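J.: So you can see what is in the structure, the chains are spelled out below.
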Amino acid sequence: MTLKIGNNLNNFQTFKGSAPVGLSSLNAAYIRNLGIQAPQNAAMQTAQAPAAQYTPSVQAIQTTQMHSSVQNAQPAPVMQPNSAISNPMPAYMPGVGAVPSGYFMPGDNNHGSEDKIIKKTPWTGARIMADKVTKDIFVYAPKGMQGSKNSNFYEYLSLGTIPYIVGSAMLIATSVAATKFFNPNDAKASGMMGKNVAMGVILYAAMKWAANKVMNKGTQALTGVDMEMPYKKVINELPENGREKVVTEFHRVFESVDFPRWDLINKQGEENGNRYEYYDKIAKDKLGCEEPLNAPDQVVQPLIKQALTKAMAARSIASFLWAGVGVAIASQKPFAEEFLNFSKNSGILNTLKHLPRNFAEVFVKSAKQLWNGSTAKSGMVGKGLIIAAGASTILGLLNVKRGYKIDKKQSETKIDYKKDYVEN
Amino acid sequence: MIYGNPTEKLNIQAQDNRVYEQLLNQSHTKTAQNPRGSLVHRNPIQSVAAGVKNTGKDIVNLGRALKDGDADDHSLGRLNDVGMKLGGLGIAAYLATRKAAPKAKVMEFAGAAVFFSMMHLWQKIFIAAPIKARFGVDINQKFTDSFGREKELYQDNQYVPQLRSNEELDHLADKLGLPKDMAFRREYAQEQERRIALQGRTLNMMTAGVGVPVMTALACNRIEKYIDNTVINHGLNKAKTTVGFDLSEADAIEHFSNVVNSRAKSAGFGAEAENIIKQYSGHTGEVDQAFFDGLAKAFNPAGFVEGNKLTKEIPDLTPKMAADLKNLFASTVDETALSGSVIDLFMKKSAENNGVITMKVLDPEAVSGGVSNIDIDKSKLEAAIQGVISRVKTGEVEYNAESILNAIKNEEGLLVQVQSASNGLDASVVENLKNIRTEQLLGEGKTMAEIADILKNGDSVLEQMIKDEADMFGGVVSSRTLRAVPADVEADISAVKNIIEQAKKDQLPGFMEKVKANFGLAKSTGAVLSSTEDVIKAMDNSFGKEYFNIVDALFDTLKPDKKTLEMLRSDADFASEYIQKAFAEIAADDAKYEELINKIKNTPVMTDETRGKMISRIIDNCREKLDLIRNGNGAKGSTGFDPNMKTLISLTDRAESSASGLLGTIEKYAAEAIPGIDATKNRVLLTLDLERRISDGTLKAQWDALQAAAPVTETFEDFVANCRNILYNNTPNDFSNTHYVKQNGTYFERLNDILFNKPMSDKTTGILGAVKENAQNADNHAKGLVEKLNEMRISLMAIGSNGTKDYANRGNVLDAGMISDDNLKQVFNDVAGSTCSVKFQKVGKSIKNLIFENGSQKFNSKTWMRIFAPIALGLVGVTFLAQIFIGRDHDKHLYMHDSQTNPNGQLNSGAVNVNK
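Those protein sequence lines, which keep their order, are chains A and B.
So the first sequence is residues 1143 to 1566, counted in our numbering.
So the second sequence is residues 567 to 1482, counted in our numbering.
Just to be clear, a hint being listed does not mean it is correct.
Said to hold, decoys possible - As a list, the in silico BS3-like pairs of lysine-lysine whose alpha-carbon atoms are at most 27 Å apart:
no.	chain 1	residue 1	chain 2	residue 2
1	A	Lys1261	A	Lys1359
2	B	Lys669	B	Lys863
3	A	Lys1322	B	Lys665
4	A	Lys1519	B	Lys669
5	A	Lys1525	B	Lys863
6	B	Lys665	B	Lys806
7	B	Lys651	A	Lys1475
8	B	Lys844	B	Lys831
9	A	Lys1330	B	Lys665
10	A	Lys1330	B	Lys623
11	B	Lys669	A	Lys1475
12	A	Lys1291	B	Lys690
13	B	Lys1012	B	Lys1022
14	B	Lys633	A	Lys1359
15	B	Lys926	B	Lys1022
16	A	Lys1560	A	Lys1543
17	B	Lys914	B	Lys946
18	A	Lys1525	A	Lys1426
As the list claims (entries may be wrong) - So these bits of chain B aren't anywhere near chain A, every CB distance computed over 12 Å:
no.	residue
19	Lys619
20	Ala783
21	Asn799
22	Thr807
23	Asn920
24	Lys959
25	Leu1007
26	Pro1075
27	Lys1080
28	Trp1269
29	Glu1353
30	Cys1402
To be verified - If you want the footprint, here are the derived chain B segments under chain A, 3+ residues with CB under 8 Å:
no.	segment
31	772-781
32	1251-1261
33	1409-1416
What the hints contain is simulated information worked out from the structure, not anything from laboratory work.
Just so we're clear, the structure is a prediction, and the values are computed from it rather than from any experiment.
All C-beta atoms in this analysis are idealised placements derived from N, C-alpha and C, irrespective of residue type, glycine included.
Given the sequences, and given the hints that come with them, work out the whole structure.
T.: Set out below in structure tokens:
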């Protein structure tokens, strides 16, 4: 948006909405909440007000100056110049709509409106996925189709889940849908082939997920860093259609190698008493530092960045190779002939009851067949595929560990503490 | 008022200062200080080149990321694409090895390529193109950032770089149709563009899930035919090169020889067999039947061939090869050493005295101890043993301890006459004497046990008693024959076994050398088979294609709807009626008839001449090469197969081979496969011709003429029905066995005469006999087709004329007398006397089965298309419909002047002091 802020600040009627006008009225609400009396030194307060502004633009300051000079009737704002957490910058646009609820919460440690690392459980991944899928259909897609300015990159990437799921179902359907119209012989043959394709699609996703998990767990074991550490991001959307929403998104602390959320890690550390707790732990457990470091974050952060870059690069390759192995396993005969054979005698429920065992047996058999191959050539390519996938994972993990160490020889201080220094 | 640097003048605490510093110094170095990005404008060819370049950059970045851990978000994100394509390639490569047909193999890769392309093409064709046409906005616009990285402009809706100049923005606003006097025109245009791109990209996300797989399937369905043609032609060209199609005969033979040699040398050829040879080279175990059986597996030429078109006719030669190898092994026996060892063994416990050996041998009739001493000349012993060993070498005696020992035992030279004292005396007398002696010893105070001992070990007193007794009778001296085989050797064969086993082990290295030399030649033989199999496979694939061309020609002409297809595939009789009606209709219409005949005529992939030349070339080339191999394959110092390798020699022998060997197999293939496909095609033509003759009255005229000469009771309608039944429905079995009118003498003859002997209709011969100018058909076998059809008709007559089945009426046998043309007479006699398999191939597939069997496949295809083509169309429709909602104006009126309501030049929004 290239609309200049300065112009519109002068124009009270520019934006629709019936919010109270002016900075000071927001502060008034805050003050009323706290029950604090307005101090006498209005001038000092006014002078301090610009310090609480986010934008350093001179225009804004001037405007505020003008602004507050106009609004003399209002009580002067009380800004307590404490940490940014408990006294966040208030919205600076006059005439804005309803203020988001988390903005002026009293107390120091309330994180209702901030990004926060969430605890990872075995269900976290599934929970995040479920959240994404639901929001995809009901929130992100409509927003995108309306051309909302609040549609961001996270939403766009999340929308990618829809073609992934629908596309997989469609791939299975193209192989299986017409089968029921064929004559019995053709239906049987087509059904077998369809089973191979369907299992191929499912095993593609499953093996990719499994390979990702292995890389993540391996990296965590080697480096102490969880690549998938989740955090909840709170976004205050831009006002649109008279509404201004607060939305939550689920991100990973290390999803970006250029901008990892060190601040969240530091914050978490502060809550536990040691700002650099995370780095200290890694330095002690994984980097082999017996003594505590002076600047653990400065030492450990670049190492983590390098290690994660290597891990992510290896993960991109390895996960797809394992997915290929999954498809190759699914294309073997046992899956066509012995898996999910619904016969009149056993019935559907019975077959489903034995499904896990059936699957495990067929999977192992197929994996062996993939390794041995039905012809010399298919055996060679099958072995090549499995070896490539395994090598990419193992070598990837070894590569992550390579270089992940601290130069133990810390530079010694040249100061002799026992001596007295006398200034000449 | 605050002027100057706020950080200096204001009383800000240190913590807040740090916050400011970051903002003022712009210390986030990733965001460029001086942005130098630009939009990318490329034509499609440049796009392809750029795509390749970017992939190259991705790979370099991958290397850097793995090596140094140095990468940024952009390159790591692009690695996902690289991984996906790599995985797709791996999957396609593996699945291709599981498919047998070359078309299927190529389709695996084609399908993967189409799928990845479709992920871009779906939105390019159905979303980006309409949007571009409507608004002039390219939602896939790319730009290059300050660091030279190419990205999509609208990838992140909230961070769209402002890369357009004012002129470009004005142009964009014009394309969007914004009024010229609009306020914030450029900004509004840019915002519109952002919105349109977001909407378009979101629409792509929602529809790609269904669109991409379905479009991929439909696209692959369409390109399958072209890929099939390409693959088959490629295979045929390769086959032609292998047989030296375009070379002279002598050059072709040499060329084929080189091809075979390079194949035999190629890596991985006969790897299994090489492993077997290697494994047995270091063999330290027993040399027994299992050893030879295992080794023989490596020698089987069929083991070198992938595929089974030729090798299914070759019987399992492993037992014969094993026997040959056994003989070869025996022939490497070191006679001198072995016989020396055996002789030494024989003489071990024997005494030698002046060339005479005294040996203790087993003697069941010995007085005591079961052994006797015999004398034998040493030279005789040596000669006998050497004789046996030399017979082992030639294979007459089996090379194991038992057989050798038995052979030695039966040697005449080792038989020794022995005079026997106890001969002539009755056993009872001997018993009496024994009892007397026993009592004597008892009298001396010995116990029974001691007495038994003494008698067992030979009692000189008893022997003297027996001798005296025998002397008393006098003159009766009989002799018996003993074999000069030491008693211990005969009793316990393990000594001989040890010698034999040791000898075998010693000669093993020499044997394996010979084996390797012969294996080289066997491998070359396998290479001949393998190269031939490739040529045959290519030809077979083309015959398969011809078959499906015929099926497609028929179904494309008939165009049955889904309901008809459903009935065709489930009821064979319905299929027969359906096709009869359809053919009758087509035959009545000149234009349709000509069209269909031409279509059928053009179904072959290879012309007749090409086929014939390829078969004769391959046979000549094989024959010469096998000769060469049998004589050493041109290698210096090699004399070819060892004479013991009889099986391989006979397999490759020029004369023998034609009947039962490798050449015979090739000729058998040619004799069956080529007529088979021809017969199917020609049967369709004959059936169409029958309908034509029915429709234009030729048949009736032929019937009337014969009826006038020799009337039969059957009606013309019955006759027509029988003719149709024969051509449409009869299988080869029916032709031979249930040609049901056989009992009906004159009528049977008339049926065959009119159906197969009387000339075809003029229209048919006119179409087929004419030489077409069409360049595609220039070398088509149009000229020879009529002759071929006539030959087929006569063949069918011959097959149906099998009088031996007609027990009741010998007079019903058809003979060549009905036929006027001498050549066709010859054809009749040849076919009548040929084997069942050849006859089978000459009948071709019945039209009923052709339609019935392929009806299923056509029905299945149509059903699939009925499900997914509408889905694709529906989705395209929805996609276009959804685009109505794209690009709607958004508060545009706020930026407009309405001079009536706002005469002072204010905007409708009421804003004043507008920055123009």
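J.: Against each hint, give a clear statement of whether it holds in the structure.
T.: These are the hints, each one checked on the structure:
1. A:Lys1261 x A:Lys1359: Satisfied, since the Cα-Cα distance of roughly 16 Å is no more than 27 Å.
2. B:Lys669 x B:Lys863: 32 Å, violated
3. A:Lys1322 x B:Lys665: 25 Å, holds
4. A:Lys1519 x B:Lys669: 17 Å, holds
5. A:Lys1525 x B:Lys863: Holds. A:Lys1525 to B:Lys863 sits at ~25 Å (cutoff 27 Å).
6. B:Lys665 x B:Lys806: Holds: B:Lys665 and B:Lys806 sit about 24 Å apart, inside 27 Å.
7. B:Lys651 x A:Lys1475: Holds, at roughly 26 Å.
8. B:Lys844 x B:Lys831: 16 Å, holds
9. A:Lys1330 x B:Lys665: With a Cα-Cα distance of about 19 Å, the restraint between A:Lys1330 and B:Lys665 holds, given a limit of 27 Å.
10. A:Lys1330 x B:Lys623: Not OK: A:Lys1330 and B:Lys623 at ~48 Å, beyond 27 Å, violated.
11. B:Lys669 x A:Lys1475: 21 Å, holds
12. A:Lys1291 x B:Lys690: 24 Å, holds
13. B:Lys1012 x B:Lys1022: 15 Å, holds
14. B:Lys633 x A:Lys1359: 21 Å, holds
15. B:Lys926 x B:Lys1022: The hint holds at about 16 Å.
16. A:Lys1560 x A:Lys1543: 41 Å, violated
17. B:Lys914 x B:Lys946: 17 Å, holds
18. A:Lys1525 x A:Lys1426: 41 Å, violated
19. Lys619: 20 Å, holds
20. Ala783: The assertion about B:Ala783 is violated, with a minimum of 5 Å to chain A.
21. Asn799: 23 Å, holds
22. Thr807: 22 Å, holds
23. Asn920: 68 Å, holds
24. Lys959: 39 Å, holds
25. Leu1007: 78 Å, holds
26. Pro1075: Check passes; 30 Å lies beyond 12 Å.
27. Lys1080: Check passes; 28 Å lies beyond 12 Å.
28. Trp1269: It holds; B:Trp1269 is separated from chain A by about 41 Å at its closest Cβ, greater than 12 Å.
29. Glu1353: 40 Å, holds
30. Cys1402: Label holds. Min Cβ-Cβ 28 Å, cutoff 12 Å.
31. 772-781: With 7 residues closer than 8 Å to chain A, the segment 772-781 of chain B meets the three-residue bar; holds.
32. 1251-1261: violated (count 0)
33. 1409-1416: n = 0 at 8 Å, threshold three: violated.
In the structure shown, a violation is registered for the earlier hints numbered 2, 10, 16, 18, 20, 32, 33, in ascending order.
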